[in-house]
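Novice: Protein sequences, first through last, are from chains H and Z.
Here the first sequence is numbered in numbering that gives the first Met the number 0, starting from 0 and rising by one per residue.
Here the second sequence is numbered in numbering that gives the first Met the number 0, starting from 0 and rising by one per residue.
Please keep in mind that the hints were generated in silico from the structure rather than gathered at the bench.
Each statement offered as a hint is correct.
Below, in silico cross-link-like pairs of lysine to aspartate or glutamate (DMTMM-like), each with a Cα-Cα straight-line distance of 25 Å or less:
hint	chain 1	residue 1	chain 2	residue 2
1	Z	K406	H	E17
2	H	K232	Z	E338
3	Z	K406	H	E242
4	H	K95	Z	E346
5	Z	K314	Z	E345
6	H	K232	Z	D374
7	H	K95	Z	D273
8	Z	K221	Z	E15
9	Z	K314	H	D253
10	H	K232	Z	D379
11	Z	K384	H	E242
12	Z	K235	Z	E223
13	Z	K382	H	E242
14	H	K232	Z	D389
15	Z	K384	H	E245
16	Z	K325	H	D253
17	H	K232	Z	E388
18	Z	K314	H	E245
19	Z	K406	H	E245
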Amino acid sequence: MAEADFRLGGLQISLRWELRQKQTPLLSAFTLLAVLATGSLCVGLAFLLLGVDPLFALGKIFLGSFGSLYGWKETLTKGIPLFLISGGLCVAYQAKFWNIGAESQLLMGAVWSTWFGLRFGESVSPGLGIPLLFLVGFLGGALWGVIPAILKVRFGMSEVISTLMLNYVAAEFVSYLIVGPWKGKSKYGYPYTEDLPKHLLLGTIPGTRIHYITLALGFVISLLLFLLLYRTKFGYEVRVVGESPEAARYAGIDYVRTAVSVMIISGGVAGMAGVGEVAGIHHHLSYPGNISAGYGFTAIITAWLGNLNPLGSLLSGLFFAGILVGGDAIQISLRLPAATVHLFNGILLFVLLLGNFFLNHRPVVHIRRR
Amino acid sequence: MAGKNFPKKIQIVRMEKISKYFQGVPANRDIDLTIRGGEILGLLGENGAGKTTLMNILYGLYRPDGGRILIDGKEVTFRSPRDAIRSGIGMVHQHFMLVQNHTVVENIVLGDGEAPFFFPQRVVERKLLQFQERYGLKVPPWAKVWQLSAGEQQRVEIVKALMQGADLLILDEPTSVLTPLEASELFSILRRMASEGHGVVIISHKLEEILDLCHRVVVLRKGEVVGEAETRAVTKEELARMMVGRSVVFSFDWKPAPKGEVVLQVEGVSVRSDRGILAVKQVDLTVHRREIVGIAGVAGNGQRELVEAITGLRKVESGRIRILGKDITNQSARVIHAEGVAHIPEERIRFGTVPNLLIYENAVLKRHHFAPFSDVLFLDYGKIKSHTEDLLEHYTVAAPSIRVPMKHLSGGNIQKLIVGREVSAGPALLLASHPTYGLDVGATEYIRKQLLKRREEGEAVLLVSEDLEEILELCDRIAVMFEGQIVGTLDREEATVERIGLLMGGVRGNG
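With these hints in hand, go ahead and build the complete structure from the sequences.
Specialist: Right, dumping it as structure tokens:
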């Protein structure tokens, strides 16, 4: 464990970190409070530096997202992709397969479903077409997700690098499609594809942008993934592989099969989130930055914040959707740069990781007279 | 390098009352050791005897909890290997610490403080050639390290240490990765170094090489010095007895029993180690019902690879393995388990359990995919939990509850749970690797009794252990492994500590 020695006057001080034997609920609660307090403090400091009253800004953020009916509508809308993606990431991360590429898996889901909708949409009924849309989106995300899994088990390539890099590939691919071969003729030169056929668009709750089919899918899939992880043989094997690859080998668990499966799942549900964004919000494919407001990256945080439990990540997904919406609010009302909200996300993740460390380790200080 | 022409070498290194504890467990206790310049000293002992710890202390890797080190009468404290190197002490570890993708010269430049900042390679190459001439240390300067054989890499390490000004060179198990020819080349290099006034310490468990190479030998056992001798005045048998020690007291009630049909049959099996060299060479082995067969030997002589081959964790290069007549060679671990091979693994915490999962989740590891613990898709936690409660009761595992993470259990209780888990599956063969290593007396006795019980119930047990006491107490037959081969198989009646000790040290024949 990390060790540090330093001298203070005539004293020799050594600091070590030891693994905690037990984690009491009290300690967990205290850590969570400390994390939130430290996080708010750091964010507040950042606001101060920007010349804004921190309390006012924080108030704006949370009032903007959770303080009004309009705020709630937007928060839920932005929560939909987060619910789906972070549920899938929980599965991958429990196997310690570090999928950083949910952003591109979302995009590929969007691409495939757009293709399906434009090519075959007219000839299928909504009852068949919408499920097929989601199925095709799932396949698109899953296939994109399986590439890094295969690169890892075949060639030993780090999945962190490959999933991260495939994000750029997918984003450029989408940009190419919308300015090139898929550019819509009815779009007055804008880089959009044609709209999907009307009967394939997802219905929204009146007066909102909440595409309820995807929202329901988010809840149901999170529940299913929870059951998958904690109640099935497959979930058990995923957790054993993640916690101890050696024990998994000893127990005869097939690593290749497990790695490929978790990437099919996490890539696939990210792809479904892409379907929701295309068929529920935009109705066509457009720039990657329009299709996804960095949902694939934010979901990494929400999965961790939810303790890698798909149900827990529903809550953290809602919270972070709120921050996204609140970020838009302060951008408008306080004229702060759009990146401010990313600062918020980053700081929270840092503090959270620190808190996790404290939860698992305790400091041991020795002071000796020299 | 000016001083090197008139070498003033270390005359004498004294380690006095050196003690070192790891989490309260003594690795070295009050050890006194003297090393003289111009002498080759052998440090002999089984694995875990404390040899490497002692030398790591001298090399500055560990700080001793007690005792002091004197070089030529002056007390020294080493805070890191850098201090030790500055005082003229060098060490070549068992696993080489070289950058594989760099050339030999680049690797040496890394450790050479005197090399010029710009273009140091030529200077180092010149020095390298000097050493080559002086000691016969042949290394290709511009080859990448990964292209070199183990023997060549070792020579690079030695040259590196010498260039850093090592007067005293420590080598940890230097011949474990060498071919016999490479070993004899190494010995002649070391002899030449000693004749020039260098001190050399060899850590080894091989009796013949100690007697062949060293002037003096110090024997360690369980962290203490148990013997010291001039090699001229000592025999292999005496050294073997010092190394394994104690006469065995039989405390279990062991009754002779007629052995039954063949359960495990290993025929001409060869297996490669992680490094790709043959670690198991043409091994034959049979285990019958109502029999415990022991595999004795110092760790690292192929036992681990053999066990992994039998349990499906490692590929068999050639040969056949059969369980109850059925060929299971190179089947997956899952299939072999289903054929009735249970395995108490060597590293019980890393392999046998998942520390962060709960006890009941650990209690069905390997069996989670069988009825009654699961159906096609879902696990049956009700059955899993009641099975776990049964295990805790039957195998006297002390646990606060079945709902705590496995890591909260003590080593003995972890092992009891693993034994219970493996035995309760009703296997045809129980394969136990170092099952009592590091356990307290109570747990040790309990686990040994469980192994005997398997035998009494008419089942087959293969026991791999370094603990001779355990082997002699429990086994019907004892096979001794040395350098990947079974160098002798003794029946219980003819097995003595001396005979096994000699075989473990690589001395063949019926000496």
